[in-house]
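Undergrad: Whenever a hint applies, use it, and build me the whole structure from the sequences.
In full-length UniProt numbering, the protein residues as written are 1 to 145.
Since no wrong hints were added, every one of them can be taken at face value.
Pairs of lysine to any residue residues, derived as SDA-like cross-links and limited to a Cα-Cα distance of at most 25 angstroms, are as follows:
| no. | residue 1 | residue 2 |
| --- | --- | --- |
| 1 | K116 | Y29 |
| 2 | K116 | P131 |
| 3 | K116 | I84 |
Hints are computed from structural coordinates only; laboratory data are not their basis.
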Amino acid sequence: MKTSLPSKQKGAVAIEFAAVFVIFFAVFYAMVSYSLPLLLLQSFNQATAEAVRRSVALDPSTPNYNTALIQRATQTVQSQLQWIPATFQFQAAHINPTYTAGVLTVEINYPSANLKNVLPFIVLPGIGTVPRLPTTLHAQSSLQF
Numbered sequence: 001m002k003t004s005l006p007s008k009q010k011g012a013v014a015i016e017f018a019a020v021f022v023i024f025f026a027v028f029y030a031m032v033s034y035s036l037p038l039l040l041l042q043s044f045n046q047a048t049a050e051a052v053r054r055s056v057a058l059d060p061s062t063p064n065y066n067t068a069l070i071q072r073a074t075q076t077v078q079s080q081l082q083w084i085p086a087t088f089q090f091q092a093a094h095i096n097p098t099y100t101a102g103v104l105t106v107e108i109n110y111p112s113a114n115l116k117n118v119l120p121f122i123v124l125p126g127i128g129t130v131p132r133l134p135t136t137l138h139a140q141s142s143l144q145f
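TA: Take a look at the structure:
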């Protein structure tokens, strides 16, 4: 016995598939496109915290203590983030360690526009650019000595 859809129902399956596929693709694309910036931001937070931790071990009687402190913090961040590929254009200029009034602050300010070389940004009608990111991915850690 052969069953077939009524003639009015033949195109309904295609329309339902198209609607479900658009929703599925939008959710999948959002998960993939937001995971990379979140991974970078988490790595930046971890690198700045590690730079502050390792700088605490520097002996205060070291000649040019302030300069040595800043150099150690910069080197630590660079070593923590050396896994980032060159296409991301992460540079030492994005790292900003400062030591003033006994407080060491390590900041990373990475322009999210650099991700356009790696991550496709799409514009969806009614929604806008996906992923929608701030102009700068910012991470900061500080410690008072």
